[in-house]
Every structure is written in C-alpha cells, then in structure tokens.
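Protein chains: 2
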Amino acid sequence: MPAYRAPLRDMRFVFDEVLDAYATLQSLPTQREFGNDLGGAILEEAAKLAENVLAPLNGPGDKQGCQYDPQSKSVKTPDGFKAAYQQFAEGGWTALACTPEFGGQGLPHVLNMMVEEMVCSANLSLGMYPGLTHGAINALTQHGTREQQEQYLPKLISGEWTGTMCLTEPQCGTDLGLIRTRAVPQADGSYAISGTKIWITGGEQDLVDNIIHLVLAKLPDAPDSVKGISLFLVPKFLEDGSRNPAFCGGLEHKMGIKGSATCVMNFEGAKGWLIGEPNKGLKCMFTMMNSARLMVGMQGLGIAESAYQISLGFAKERLQSRSLSGPKAADKPADPILVHPDVRRMLLRQKVMIEGCRALAYFTGLHLDVAHEHEDAQIRERADDLVQLLTPVVKAFLTDEGHNCSNEGLQVLGGSGFTEDWGIEQLVRDCRITRIYEGTNGIQALDLVGRKLGLGGGRAVRSFFALVEGWLKANPEAPHAAAVGKALKQLQQATLWIASEGMKDPEQAGAASVPYLRLFALTTLAWLWSRMALVAQQKLAAGSSETRFYGAKLKSADFYVARVLTETDSLLAEVQAGKATLMAFAEDEFAA
Amino acid sequence: MPAYRAPLRDMRFVFDEVLDAYATLQSLPTQREFGNDLGGAILEEAAKLAENVLAPLNGPGDKQGCQYDPQSKSVKTPDGFKAAYQQFAEGGWTALACTPEFGGQGLPHVLNMMVEEMVCSANLSLGMYPGLTHGAINALTQHGTREQQEQYLPKLISGEWTGTMCLTEPQCGTDLGLIRTRAVPQADGSYAISGTKIWITGGEQDLVDNIIHLVLAKLPDAPDSVKGISLFLVPKFLEDGSRNPAFCGGLEHKMGIKGSATCVMNFEGAKGWLIGEPNKGLKCMFTMMNSARLMVGMQGLGIAESAYQISLGFAKERLQSRSLSGPKAADKPADPILVHPDVRRMLLRQKVMIEGCRALAYFTGLHLDVAHEHEDAQIRERADDLVQLLTPVVKAFLTDEGHNCSNEGLQVLGGSGFTEDWGIEQLVRDCRITRIYEGTNGIQALDLVGRKLGLGGGRAVRSFFALVEGWLKANPEAPHAAAVGKALKQLQQATLWIASEGMKDPEQAGAASVPYLRLFALTTLAWLWSRMALVAQQKLAAGSSETRFYGAKLKSADFYVARVLTETDSLLAEVQAGKATLMAFAEDEFAA
Numbered sequence: 005m006p007a008y009r010a011p012l013r014d015m016r017f018v019f020d021e022v023l024d025a026y027a028t029l030q031s032l033p034t035q036r037e038f039g040n041d042l043g044g045a046i047l048e049e050a051a052k053l054a055e056n057v058l059a060p061l062n063g064p065g066d067k068q069g070c071q072y073d074p075q076s077k078s079v080k081t082p083d084g085f086k087a088a089y090q091q092f093a094e095g096g097w098t099a100l101a102c103t104p105e106f107g108g109q110g111l112p113h114v115l116n117m118m119v120e121e122m123v124c125s126a127n128l129s130l131g132m133y134p135g136l137t138h139g140a141i142n143a144l145t146q147h148g149t150r151e152q153q154e155q156y157l158p159k160l161i162s163g164e165w166t167g168t169m170c171l172t173e174p175q176c177g178t179d180l181g182l183i184r185t186r187a188v189p190q191a192d193g194s195y196a197i198s199g200t201k202i203w204i205t206g207g208e209q210d211l212v213d214n215i216i217h218l219v220l221a222k223l224p225d226a227p228d229s230v231k232g233i234s235l236f237l238v239p240k241f242l243e244d245g246s247r248n249p250a251f252c253g254g255l256e257h258k259m260g261i262k263g264s265a266t267c268v269m270n271f272e273g274a275k276g277w278l279i280g281e282p283n284k285g286l287k288c289m290f291t292m293m294n295s296a297r298l299m300v301g302m303q304g305l306g307i308a309e310s311a312y313q314i315s316l317g318f319a320k321e322r323l324q325s326r327s328l329s330g331p332k333a334a335d336k337p338a339d340p341i342l343v344h345p346d347v348r349r350m351l352l353r354q355k356v357m358i359e360g361c362r363a364l365a366y367f368t369g370l371h372l373d374v375a376h377e378h379e380d381a382q383i384r385e386r387a388d389d390l391v392q393l394l395t396p397v398v399k400a401f402l403t404d405e406g407h408n409c410s411n412e413g414l415q416v417l418g419g420s421g422f423t424e425d426w427g428i429e430q431l432v433r434d435c436r437i438t439r440i441y442e443g444t445n446g447i448q449a450l451d452l453v454g455r456k457l458g459l460g461g462g463r464a465v466r467s468f469f470a471l472v473e474g475w476l477k478a479n480p481e482a483p484h485a486a487a488v489g490k491a492l493k494q495l496q497q498a499t500l501w502i503a504s505e506g507m508k509d510p511e512q513a514g515a516a517s518v519p520y521l522r523l524f525a526l527t528t529l530a531w532l533w534s535r536m537a538l539v540a541q542q543k544l545a546a547g548s549s550e551t552r553f554y555g556a557k558l559k560s561a562d563f564y565v566a567r568v569l570t571e572t573d574s575l576l577a578e579v580q581a582g583k584a585t586l587m588a589f590a591e592d593e594f595a596a
Numbered sequence: 005m006p007a008y009r010a011p012l013r014d015m016r017f018v019f020d021e022v023l024d025a026y027a028t029l030q031s032l033p034t035q036r037e038f039g040n041d042l043g044g045a046i047l048e049e050a051a052k053l054a055e056n057v058l059a060p061l062n063g064p065g066d067k068q069g070c071q072y073d074p075q076s077k078s079v080k081t082p083d084g085f086k087a088a089y090q091q092f093a094e095g096g097w098t099a100l101a102c103t104p105e106f107g108g109q110g111l112p113h114v115l116n117m118m119v120e121e122m123v124c125s126a127n128l129s130l131g132m133y134p135g136l137t138h139g140a141i142n143a144l145t146q147h148g149t150r151e152q153q154e155q156y157l158p159k160l161i162s163g164e165w166t167g168t169m170c171l172t173e174p175q176c177g178t179d180l181g182l183i184r185t186r187a188v189p190q191a192d193g194s195y196a197i198s199g200t201k202i203w204i205t206g207g208e209q210d211l212v213d214n215i216i217h218l219v220l221a222k223l224p225d226a227p228d229s230v231k232g233i234s235l236f237l238v239p240k241f242l243e244d245g246s247r248n249p250a251f252c253g254g255l256e257h258k259m260g261i262k263g264s265a266t267c268v269m270n271f272e273g274a275k276g277w278l279i280g281e282p283n284k285g286l287k288c289m290f291t292m293m294n295s296a297r298l299m300v301g302m303q304g305l306g307i308a309e310s311a312y313q314i315s316l317g318f319a320k321e322r323l324q325s326r327s328l329s330g331p332k333a334a335d336k337p338a339d340p341i342l343v344h345p346d347v348r349r350m351l352l353r354q355k356v357m358i359e360g361c362r363a364l365a366y367f368t369g370l371h372l373d374v375a376h377e378h379e380d381a382q383i384r385e386r387a388d389d390l391v392q393l394l395t396p397v398v399k400a401f402l403t404d405e406g407h408n409c410s411n412e413g414l415q416v417l418g419g420s421g422f423t424e425d426w427g428i429e430q431l432v433r434d435c436r437i438t439r440i441y442e443g444t445n446g447i448q449a450l451d452l453v454g455r456k457l458g459l460g461g462g463r464a465v466r467s468f469f470a471l472v473e474g475w476l477k478a479n480p481e482a483p484h485a486a487a488v489g490k491a492l493k494q495l496q497q498a499t500l501w502i503a504s505e506g507m508k509d510p511e512q513a514g515a516a517s518v519p520y521l522r523l524f525a526l527t528t529l530a531w532l533w534s535r536m537a538l539v540a541q542q543k544l545a546a547g548s549s550e551t552r553f554y555g556a557k558l559k560s561a562d563f564y565v566a567r568v569l570t571e572t573d574s575l576l577a578e579v580q581a582g583k584a585t586l587m588a589f590a591e592d593e594f595a596a
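Protein chains in written order, with our numbering: chain U, 5 to 596; chain A, 5 to 596.
What the hints contain is simulated information worked out from the structure, not anything from laboratory work. Just so you know, these numbers come straight off a predicted model, no measurement behind them. Hints may contain errors.
Same chains, same label: a pair holds when it works inside one copy or across any pair of copies.
Said to hold, decoys possible - Computed list of lysine-lysine pairs in DSSO-like fashion (alpha-carbon distance at most 30 Å, straight line): (1) 67 - 477; (2) 320 - 222; (3) 67 - 77; (4) 336 - 52; (5) 231 - 493; (6) 86 - 67; (7) 80 - 231; (8) 231 - 67.
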C-alpha cells in the first residue's frame with residue numbers, strides 16, 4: 005500500500021498560481037507579512053507531520069479502536085494517538101489560525117484548511133480531536149465574555165485542552181427544537197445542566213487533562229422551539245480541580261472513524277456557564293457549525309486524495325491483461341491495468357474531482373479570510389456572501405465526492421480493495437460519516453436553496469453569477485469558456501425555477517435541493533477548471549519547464565468537460581421535474 | 005431495526021401479472037405441472053426460511069466473523085450458521101432447480117433466482133455457501149463424465165457437500181491466462197494439483213463433511229494463455245476417506261461478508277480429476293460464471309430490498325422537524341421525516357430501482373428457463389441470446405444499485421445509519437463486494453460491448469430492440485411509452501456509435517462501456533416500468549380492490565421517468581465523448 009504523500013505541488017498551484025492568494029492575503033491588515041516563504045514552510049512542515057506521524061497510525065487505530073471502561077467511565081484512544089496528539093498540539097497546529105491575543109498564530113484560515121486537508125488524508129479519526137476544539141474556540145471568541153475567553157481560550161488554542169460540541173440527543177438531530185437537556189440557574193450565576201447527549205466526538209478521551217464541552221440546553225422558561233435553546237460551557241474538571249458530573253456513558257459502535265471516540269454523554273447536574281445570550285444558542289451553534297462545515301468538506305477532500313494515491317499506485321503496479329491497442333509492457337507477463345480505458349476513467353474521475361474540489365475549497369477559504377479581516381466593509385460583505393453561499397456546497401459536494409472517489413478507488417483495486425490490506429476500504433468507511441455529520445448533505449442542500457439563495461434578497465447568488473460572467477467576459481479565449489457559459493446558463497435557469505416555484509411552495513425548493521446543489525457544484529468546478537487550464541496555458545506559453553504538470557492540467561480540464569460536466573443536463577431536468585412525483589405518494593404506498 | 009419481510013406481493017406481481025411466467029413455464033416440457041399453487045407455496049416457504057432462520061443470524065454473523073485455526077487449518081463459521089445451513093439443505097433449497105436425475109427438484113431457474121433474492125436480503129454471508137455449490141453443479145452437469153456426475157452430483161445437489169470455484173491467484177484475477185497452478189498427470193488417470201488460490205469462498209468451513217473444489221490449473225504442456233487452462237475437480241476428502249492436501253492457509257480480512265469464509269487455498273500435490281477437455285477450462289469456467297453472475301445480481305437486489313425496508317421503517321418512525329406545508333402529525337412533537345421531499349426522493353429512488361431491477365432479473369431468469377428447455381430450437385436460441393445479452397447488465401446494474409440503494413438508505417437514517425445498531429451499515433459493507441466478484445462491473449461492461457453486442461453479428465441486440473419496439477407498437481397508449489421510445493432511440497444511437505467506432509478501435513468501446521451499460525439498464529427499466537404501469541392500469545380499470553398497490557405502481561413509474569430516466573441524456577453524451585480524453589494522459593501525468 006503506497007504511503008500518503010501530501011500533494012504540495014498541486015496545493016501551491018491552486019493557492020498561489022490560480023487564486024493568487026498571497027496578494028489577496030497581504031491586502032489584509034493582519035496578514036501583511038504572510039508570504040510565499042512562510043506559507044510554503046508551514047505547508048511542508050504540516051506535510052511531514054501528516055505523512056510521518058499521523059498516517060502511520062491510521063490503519064492500526066482503525067483496527068484497535070477506542071475502548072470504554074464502564075468502571076471509571078473513561079475512554080482509551082488507540083495506541084500512539086496520545087503522543088501524536090501532543091506532537092500536533094506542541095507544533096502549534098491547533099493554534100495556527102487562532103487569534104494571537106490568546107496565544108494563536110494568527111495565520112490565515114485558508115492555510116488552516118490546507119493543513120486540515122493533509123491531516124484528514126493521513127488520519128481522519130485523530131484529526132477530529134483537535135478539529136472539534138475549533139468549534140469551541142470560535143464560539144468563545146465570538147460569543148464569550150472577556151473573562152470566559154481569558155479562562156478557556158489559551159488552553160484550548162494551545163491544545164492543552166480540547167473542546168466538544170454537544171448538540172444531538174436521542175430524539176433530536178436535525179431538529180434542535182426538540183432538545184430536552186435542561187439548564188437550571190444556580191445562585192452563583194452558573195447553571196446545573198442535566199440531560200443526555202449522543203454522538204459527541206471526543207466527549208471523553210485520554211489525550212488531554214481537561215475537556216471543555218459546549219452544550220445546547222434549555223432554560224426552565226424557554227420557548228419550546230429552536231428559539232428556546234441556549235449554549236453552555238461545561239468543563240470536565242472545574243477550576244478547583246473537582247470532577248464535574250459530565251460522564252461518558254458509552255461509545256457508539258460505528259462503521260468507521262473507529263479511532264475517534266464517539267461518546268454518549270450524561271450531564272448529571274453538571275456545572276455550566278451561559279455563552280452568549282439566553283435563548284440565543286442557535287446563533288452560537290451556527291458560529292461553531294459554519295466553520296465546522298467547511299472543515300468537514302476538507303475531510304472529504306483529504307480522504308479522496310488518499311484513496312486516489314492508493315488506487316493510482318495499484319493501477320501502475322498491477323499487471324493484468326494486455327492493452328486493447330497492443331502490449332505496452334512486452335517484457336512483462338501483462339500490462340499494468342493503467343493502460344485500460346475504463347481504469348483510466350475511474351482514476352481520472354477521481355483526479356479531476358479532487359483537483360477541482362481543492363480549488364473550490366481554497367477559493368472559499370480565501371474569501372473567509374477576506375470576510376473576517378478586510379478593511380473595506382463592502383468587500384467584507386461581498387466575501388462573506390460568497391462564503392455563506394458556498395459553505396453548504398463545499399460541505400456536501402466535497403464529502404459526496406469523497407464518498408464517490410474512495411469507492412471508485414476501491415473499485416480500481418478490485419478484490420484487493422475489499423480486503424483490509426490496502427487501507428482503502430477503511431477510507432470508504434471513514435468517509436461515509438462526512439456526508440452525515442454537521443448537518444446531513446440533504447440539510448446542506450436545504451440550507452443552500454432555503455437560506456443562502458435568498459441571502460440579501462438574492463444578493464449573494466447574483467454576485468456569484470456576476471463574478472463568473474465577468475471572468476468569462478474578461479477571458480473569452482480561456483479553455484472551455486463556452487462549456488462554462490452553457491453550464492452557468494443551466495444553473496441560472498435552475499435558480500430561477502427555484503426562486504419562482506420555491507417562493508410559491510417551499511416543498512418545490514425541497515424537492516429540487518439535492519440535484520440543485522450538485523448542479524451548482526459542477527458548474528463552479530467547470531469555471532475553476534477553466535481558470536486552472538488558462539493558468540496552465542499561460543505558464544506553458546511563458547516557457548515553463550514543468551510541461552508535465554501544466555500539460556496534465558489542460559488534459560484534466562478536457563476530461564472534466566467531456567465526461568463529467570455532461571451530468572448538468574440531467575440535473576437541470578431533475579430540478580425542473582418538481583415535487584409532484586415525490587409528494588403524490590401516501591404513506592402506505594411506499595412499501596411494496 | 006425493522007425485521008426483514010419478503011416482498012411476496014411484489015414478486016408475484018412481476019412474475020405472474022407482468023411476465024405471465026406460469027404460462028411461459030407451462031409451455032416447457034419439464035414444467036407442465038408448475039403452477040400458481042406450487043410456485044406460491046414455495047415462495048412462502050422460502051420467505052419463512054429467510055425471515056425466521058437466516059435473517060436473525062446476519063448481524064451476529066458479521067460481528068463474530070469466521071475464525072481460522074492455523075494448527076488444524078480449519079475454519080469455524082459464526083454460531084448458528086451450521087444449523088441454519090443444514091436446515092437450508094434439508095429443506096431442499098440447494099436442489100430446487102437441479103436436475104431430478106441426481107436428486108434435484110427440477111423446478112424453474114427463475115424460481116431459484118427469486119429464492120436467492122430473499123436469501124440474500126436475509127443473510128448474504130450464509131447464502132454464499134450453498135450459492136457457490138451451484139457453480140460446481142453446473143460445471144459437472146454440463147462438462148463432467150457420467151461417472152463424475154454420479155459420484156458427485158447427488159451429494160452436491162442435496163447440500164450434503166458444498167462446492168467452490170478456485171480461479172483467482174495472487175498475480176491473476178481478471179486475466180486468467182496468468183494462472184500458475186499446475187496439474188501433473190498421474191499414472192492412475194488423476195492429476196497432482198499444486199498452487200495457491202485466493203479469495204475462495206467456503207474453501208474451508210465447518211458446515212459440511214466434504215468440499216468439492218473446482219480448480220483452474222495448467223497442464224505441463226499447456227499454451228501460456230487462457231487457451232492453456234483446464235478445470236479440475238479436487239475433493240477435500242477422497243473416496244477412501246483420506247485427506248487430500250488442499251488446505252486453507254488463512255482467511256482474508258475484509259470490509260464485509262464477514263460470516264463468509266474467504267480462504268487462501270494451498271494445493272500441495274492434491275489429487276484431482278479433469279473436468280471436460282484439456283485446455284478447455286475457460287469454457288467450463290464460463291458455465292460456472294454465467295449463472296453465478298445472475299446470482300450476484302440477485303445479491304445486489306436482495307441487499308437493496310433489505311436496506312429499503314430499514315430506511316422506510318426509520319422514516320416512518322423518526323420524528324424530526326415539521327413538514328414544509330404545515331404540521332402533519334400535530335399531536336406529536338414533530339412530523340415523521342417521511343413528510344420531507346428530499347427524504348421521499350431518497351426512498352423513492354430506492355423503491356423504483358428495486359422494483360425495476362426485480363422485473364429485469366425475473367425477465368432474464370424466465371428466458372433462462374426457456375433457453376434451457378423449450379422444444380423449439382429457434383425459441384431456445386432467441387431466449388439464450390437475451391440471457392447472454394442481459395447477464396452482464398443484471399450483474400453490474402443490480403449490484404451498482406445495491407450499492408446506491410443501501411447507501412441512500414443509510415443516508416435516510418443519518419447518524420443512526422452509521423452506527424451498527426440499525427444493521428444498514430453492514431448492508432453497505434456486504435454489498436460492496438458484489439460490484440467486484442465474479443468479474444468486476446467494469447468487466448461486465450466490457451463483456452457487454454465486446455462480446456454480447458457482437459453476438460451472432462449483432463443478432464442478440466437487434467432482437468432485443470425489436471422486442472421493445474414491437475411492444476411499443478402494440479401498446480402505444482401504455483404509460484410513458486413516449487419516454488421509453490426516446491430512451492430506446494438514445495440507446496440505439498449509443499449502440500451504433502460503439503458498433504462503428506469500436507470496430508475501428510476497441511479502446512473506443514472500452515472507453516464507452518460503463519456509461520453504455522448503465523444507459524442500457526436504465527432504458528430497459530423504463531420499458532419494464534411502462535409494462536408494469538400498463539398492467540396496473542388494466543387491473544384498476546378491471547375494478548381490482550388493490551387500489552393502493554396498483555396506484556403506487558403508476559406513481560412509481562411516473563417518478564422513474566421524471567427523476568431517474570433523465571440520466572440517459574448525460575450517459576449518451578459520455579458514451580459519445582469517446583476515448584480521447586482518457587488516453588491522452590501519459591503514465592506520469594496521473595499524479596498531481
């Protein structure tokens with residue numbers, strides 16, 4: 005099984021050459037000094053960590069899993085995880101994009117996303133522990149009091165402690181209005197939190213000394229809906245060292261991410277403190293959730309990259325049958341399966357999806373930095389619109405493609421892929437959850453059509469269309485400009501359909517949502533492939549010696565347009581098919 | 005987790021009402037007596053076995069798996085498997101469609117496929133042990149000597165012994181020309197077989213007293229290609245009771261089907277006997293393989309049905325959020341998620357694929373019986389053409405849809421689907437191998453475009469097109485006849501493209517094969533949905549009281565045409581995109 009190698013060359017291509025990200029970042033007051041040298045060095049260090057420390061623990065972590073001890077209610081993570089986590093924290097990786105005020109390095113969010121891609125390629129289970137901490141950091145940074153920030157942020161940012169997000173309960177996943185966990189005000193200003201939370205990543209583990217739970221709960225007089233939930237901070241250990249009664253009641257037995265402790269958490273009158281305003285917990289939750297959604301997208305991308313490397317390595321080595329156009333490795337008993345057209349189809353689908361998704365993710369991440377830090381309010385707003393619009397697309401499409409690519413990769417390996425020996429079946433299993441958690445991909449699609457298309461009265465989506473149209477106008481000779489234009493028209497048609505039909509009847513929008521999100525993503529990727537091909541063309545015209553790399557970009561763009569983008573016709577038709585055939589069924593007509 | 009219930013009503017609908025199968029079968033000399041009473045009773049008995057005996061062992065079998073003991077080189081199957089297998093064998097289920105001459109019941113092959121669907125819905129791992137025996141039975145029936153048949157068939161057909169298919173070696177999967185296992189002639193007319201085979205289902209197990217291995221190997225003077233392989237019969241125990249040195253060297257650790265023993269088999273000069281002619285092993289292998297491929301298709305269908313039942317049960321019970329058109333279960337804290345359009349989309353995709361695939365499978369199975377038994381040679385040939393043409397479609401499409409449906413089903417469950425509690429993640433894992441074994445689905449697509457389209461100079465595919473066109477002409481008012489006609493034209497266009505381009509350059513056919521097979525399947529399903537809808541319409545017009553059942557059929561056909569068949573546009577475009585963008589890549593251009 006080939007060892008994971010971070011795709012640094014491609015990451016640089018997207019970041020530096022296509023997006024010109026250093027120039028954009030240097031226009032932000034906080035990133036004036038952030039240049040090629042620093043960015044490149046950090047990415048190389050992250051690559052080493054991912055390749056040498058995290059990746060070797062991925063397979064063993066899956067096999068060993070996490071162990072729960074009902075006596076002590078403690079959880080043991082797989083061998084090696086603790087040391088690797090400590091190396092991660094001590095290397096400052098948790099702190100990378102956090103505010104320097106509390107010990108963070110203040111580096112760009114987009115850089116953090118790039119690191120996250122590598123971490124998730126190497127070891128999703130391990131990467132989730134520090135990953136979840138960021139939700140807690142974001143919530144505290146934006147909604148905590150100064151005192152709360154001073155008390156908790158330094159140790160969360162340093163990675164000395166980790167954080168969790170405690171949202172789900174047995175009767176309540178997507179619909180947070182159904183939460184039953186209660187918070188009763190205490191005389192000292194704290195709250196007594198009681199209830200059961202499930203699927204809590206890292207709710208209990210042996211990596212760190214203290215765990216800071218962020219818990220959604222209801223105040224005694226709260227309205228019985230999402231307008232009645234509040235966010236509380238509940239540490240495992242209190243300031244005086246005493247154990248807060250927030251105990252792990254067991255671990256979930258899951259299809260994948262077995263090295264990640266997914267806990268049932270019982271809060272038995274645990275001491276907690278309100279974060280933000282009473283009954284405004286949903287807003288705080290979205291603060292945690294939005295950045296988490298982008299990060300889950302990176303998980304899908306990271307896994308897809310790993311799967312691609314394994315399947316490409318296999319296809320180059322595995323000798324089986326002769327090429328249909330005559331032997332290619334006449335000295336060997338058969339040709340490498342890479343010669344066969346359909347094996348190439350499977351590999352190239354992975355390749356163009358991964359490289360296209362990478363461009364989409366970094367494009368979004370770069371706008372996240374602009375949205376946070378630019379001095380011009382109008383530019384901030386425009387960037388924030390884009391990030392909001394694209395966040396559900398990044399989350400859903402990158403994880404759907406993580407699923408598709410890892411399965412396509414497994415298929416390249418045939419029977420070998422189904423065995424544990426090659427590690428790719430683990431990637432398929434691990435990736436499966438990314439389409440579900442932090443809001444299922446169906447919920448992402450509803451977010452896109454229900455909230456994001458309407459953002460600012462359609463401002464966000466109009467501004468995105470204008471961006472693509474402006475680029476096409478400025479680059480009419482770019483490779484595949486006409487195909488991008490055609491896909492964009494289809495997307496605009498679909499958008500118009502949803503705007504007019506969905507306005508009259510929200511179930512029309514719901515029925516269209518999933519194919520619409522995919523149409524949105526494929527169109528955006530077409531645009532980014534055209535941009536990437538244009539850059540490659542320019543580099544070659546300027547006499548670059550990297551003819552292999554840039555030549556492959558041009559060919560990949562060709563493949564994407566000829567054999568992937570064709571899907572948009574079907575998606576538009578499905579959007580316009582409307583809800584009729586879905587809603588016609590009575591409940592008892594579903595069973596055969 | 006809802007218990008599996010065999011979909012007997014739908015099976016009867018397809019078999020009896022749509023295909024009018026009893027009439028066709030009664031026209032065969034061997035099935036004159038096979039009627040509704042007998043067929044119905046057998047299906048009901050099979051349903052009981054699947055629901056009550058096999059299904060309860062599926063989850064426990066996955067968790068426990070098979071154990072290998074290196075000392076004794078023996079394999080222990082999960083608890084309960086042996087007793088359930090014996091019940092299966094004693095019930096005569098292995099013998100169902102086997103020849104009465106050696107103890108079989110001589111019932112139709114299509115009935116056997118229907119039973120197989122239920123068995124695989126209930127417990128794929130367990131079903132594989134008797135399933136593989138059929139390969140050995142078929143090879144012996146068609147290629148064995150009278151003496152071999154008398155010696156082995158009775159105990160294989162009764163299920164007292166099981167059979168295996170030993171094809172794959174470490175260096176050789178798809179490309180059987182690379183086989184290294186050797187067969188050296190002995191003075192007594194037997195052969196000494198030496199070599200290593202991998203991925204041998206049931207190569208060793210504790211269910212039965214003897215295992216009959218059918219082994220591909222090369223004679224000393226054999227040509228170095230597929231023209232040099234021969235088939236041998238190698239029993240675990242010889243007639244005198246002595247142990248033949250054909251030992252299990254270990255078990256594969258796999259993603260799924262953990263209750264099925266997937267063995268490495270070491271043949272250490274084991275005694276074997278030639279089946280059929282020397283160097284004609286490939287022909288014998290295809291005898292085993294072709295019926296195995298239809299059966300693997302049934303595995304995909306069976307798993308899809310199980311996944312659908314679980315996800316539908318969940319969607320009816322799980323309360324989460326309110327319907328977009330106002331509360332539907334006002335007395336409850338939220339509505340069942342079945343009210344949401346996108347949940348319906350996921351469920352209905354499963355439903356129409358499953359019911360359409362069931363029709364395709366039984367249609368093919370019925371022609372298998374006609375091809376074997378009809379008195380008129382011309383009718384036999386026409387039926388055999390259809391079976392040969394549709395076998396790769398059934399194998400690949402039904403397992404691809406088993407994969408898609410089980411994953412769509414898991415998605416309906418959200419986080420619950422990712423846990424082991426609901427059993428659906430096991431279905432996803434178990435199903436994954438069906439797209440690979442007995443020829444990967446890519447190989448099926450190559451078989452379709454490379455062998456089957458050219459069958460009899462295109463006779464098979466022309467006769468299939470004529471069948472559909474004839475039906476459309478005879479039933480111009482059938483629901484969705486126009487949509488079927490449009491899809492058929494697209495399929496014919498694609499077929500013409502492959503015939504003309506693939507003739508000049510086989511890599512063009514290779515590049516088109518996978519989207520072409522899917523286009524073929526979706527078009528065939530459209531035709532079958534139109535047929536099913538027409539029957540439903542007629543039943544309702546005739547005043548049937550089953551308005552729910554037939555009404556749902558009409559709505560399902562609407563859904564299929566409006567939201568699934570739309571994919572054909574994209575598939576035709578992908579077929580016609582040709583090989584250029586695939587073959588343009590040099591080997592070193594695949595890596596990023």
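Same-copy or cross-copy closeness of residue 231 to residue 67 [CA-CA at most 30 Å]:
Intra 43 Å, inter 43 Å, cutoff 30 Å: neither.
At most 30 Å between CA atoms: does that hold for residue 336 and residue 52 within a copy, between copies, both, or neither?
Neither, since 35 Å and 54 Å both go past 30 Å.
Up to 30 Å between alpha-carbons, please classify residue 67 paired with residue 477: within, between, both or neither.
neither (53 Å within a copy, 59 Å between copies)
Check residue 320 against residue 222 for me: Cα-Cα at most 30 Å, and say if that holds within a copy, between copies, both or neither.
between (57 Å within a copy, 27 Å between copies)
Within, between, both or neither: how does the pair residue 86, residue 67 come out at a Cα-Cα threshold of 30 Å?
both (16 Å within a copy, 28 Å between copies)
Using 30 Å as the alpha carbon limit, work out where residue 231 and residue 493 are close: within a copy, between copies, both or neither.
Answer is neither; intra-copy 39 Å and inter-copy 55 Å both fail.
Checking an output row: residue 80 and residue 231, CA cutoff 30 Å. Within, between, both or neither?
Intra 37 Å, inter 56 Å, cutoff 30 Å: neither.
Intra- versus inter-subunit Cα pairing at 30 Å for residue 67 with residue 77
both (22 Å within a copy, 24 Å between copies)
When held up to the earlier numbered hints, the structure conflicts with 1, 4, 5, 7, 8 and fits the remainder.
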